[in-house]
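A.B. asks: Working from the sequences, and respecting the hints, build out all of it.
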Amino acid sequence: MLKREFRKSYTERFGEDFVEKFVSKINEPYPQYLRVNTLKIKVDDLIQGLEKKGFIFKKIEGLNYGFRVVNEPFSISSTEEYLLGYFYLQDKSSMLCVEELNPKSSELVLDCCSAPGGKTSHIAQLMNNEGVIIALDDKSERLKSQLFNLQRLGVKNATTFKINALRVNSLGLLFDKILLDAPCSASGTVWRKKKRLKMVNKHEVLKSAELQKELLRKCSKVLKPDGLMVYSTCSIEKEENEDNVIFAAEELGLKIVKTKYLFPHTDNTIGFFYAVMKK
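All residue numbers for the sequence shown refer to this note's numbering, where the first residue is 771 and numbers rise by one.
Keep in mind that the hints were calculated from the coordinates and are not lab data.
The C-beta atom is built at its ideal place from N, Cα and C for all residues, glycine as well.
With a cut-off of at most 27 angstroms between alpha-carbon atoms, the simulated DSSO-like pairs for lysine-lysine come out as follows:
| id | residue 1 | residue 2 |
| --- | --- | --- |
| 1 | K964 | K773 |
| 2 | K965 | K791 |
| 3 | K778 | K1008 |
| 4 | K778 | K791 |
| 5 | K932 | K988 |
| 6 | K988 | K1048 |
| 7 | K977 | K1048 |
| 8 | K1048 | K991 |
| 9 | K1008 | K1025 |
| 10 | K810 | K874 |
| 11 | K909 | K965 |
Pair by pair, the computed Cβ-Cβ distance ranges are:
| id | residue 1 | residue 2 | range |
| --- | --- | --- | --- |
| 12 | K1028 | R783 | 17 to 25 angstroms |
| 13 | F784 | N934 | 29 to 37 angstroms |
| 14 | Y1031 | S940 | 31 to 39 angstroms |
| 15 | N899 | N841 | 29 to 37 angstroms |
| 16 | T808 | N934 | 28 to 36 angstroms |
C.D. replies: Quick look at the structure:
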């Protein structure tokens, strides 16, 4: 059950029908998605190979390399294809978010708060392992996972730094594109992580929102003129999303190109938000 304060907030923002459908959906089994790693294998070759082992997939609309696992006869992460880095288990929401960044092989791209490397490897895939990705995180254990994942997936154009994203200016670089997948309350992950239903609270939301504003401020300073930044959270709270987009526009002078919410009952993925902004 949703906490009373969140049910009230969602009802006021989205309506009672939204809340009922949202709650109903998060009581269903959570879907598993994968991204074919085209740095190592062609989409058809991987899917056909796994289908011969009994797996069944449904393609994500608009993503020729993204699939939902419809039938899993045994753990897909135990397959040879997984160990060889032919695919990465990644939420649909994350794939759609990185697509909005649209990184090019000639660009210098920043991935803030990057570990464990899912989005970094996705960016590398879209860049065909060319150009340069700077990936930042300050959590040692998560960075270990990131380095393992990047190696397994064959990523060669990413350099990882153990540094808090608030210190990004210390790198002395300006970036063509920035992905800021900000630390957040994770209120949108309640479908995948039921414990968040009890853990998340408004104090945490407000604390996260302040950190996010500071990250936006720091990142905007290292974004090149005409550069593009995608800001994202796995939260569905106004304070962490719409309010921060308004802050980016009014206080930082960024142009808002697009904003998008994803919800369990409408998009079959975790609750997620992203905004595309231009300097």
